[in-house]
Amino acid sequence: MRSWLVLVLAVVVSCSAQHYNRYDNFNADSIIQNDRVLLAYYKCVMDKGPCTKDGKNFKRVLPETLSTACGRCSAMQKLVVRKLLLGIRSKSEPRFLELLDKYDPERSNREALYNFLVTGN
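FYI, the numbering for the sequence shown is -17 to -1, 1 to 104, going by mature numbering (1 follows the signal peptide of the UniProt record, and there is no 0).
These are calculated hints, taken from the structure and not from any lab test.
Bear in mind that the values here come from a model prediction, so they are computed numbers and not experimental data.
Each residue gets a CB set at the ideal place from its N, CA and C atoms; glycine is no exception.
Take every hint as true, because none was put in to throw you off.
When the alpha-carbon atoms are kept at most 20 Å apart in a straight line, the in silico SDA-like pairs for lysine to any residue are as follows:
1. 42 - 19
2. 74 - 13
3. 85 - 40
4. 42 - 57
5. 61 - 79
6. 66 - 102
7. 42 - 88
8. 42 - 83
9. 26 - 75
10. 26 - 77
11. 31 - 75
Okay, the calculated beta carbon distance ranges per label pair:
12. 77 - 46: 19 to 25 Å
13. 17 - 94: 29 to 35 Å
14. 90 - 17: 29 to 35 Å
15. 18 - 85: 19 to 25 Å
16. 10 - 55: 17 to 23 Å
17. 77 - 19: 18 to 24 Å
18. 100 - 12: 14 to 20 Å
19. 19 - 62: 22 to 28 Å
20. 59 - 98: 18 to 24 Å
21. 29 - 69: 18 to 24 Å
22. 69 - 18: 16 to 22 Å
23. 94 - 18: 27 to 33 Å
24. 54 - 85: 15 to 21 Å
25. 13 - 91: 30 to 36 Å
Whole structure, please, built from the sequences with the hints as guidance.
Right, here's the structure in full:
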């Protein structure tokens, strides 16, 4: 259940190729498997706890990542982001929706985001 939290954070880190190339080889599985780390990242991006440097970076790029359906992500980043979002969704649909509602409250990009999750494009 906490694994989806790390997934969200990993998504943010994985995005924005021009700014976060160092995350191209990001190991999302290691975060997903560590409930403590996952929960800490989730609390950070949801404004429910303190943030690490990476957490702050995730939080900063998450709105653009969700609003563009990872439009500025590299091919590798798209794979990671998609994996993380699908993992979060499978662990907790209500928390997944809570995250989307926080960063896309008008639901202006839900169709494109869901299409990205299905197709990877």
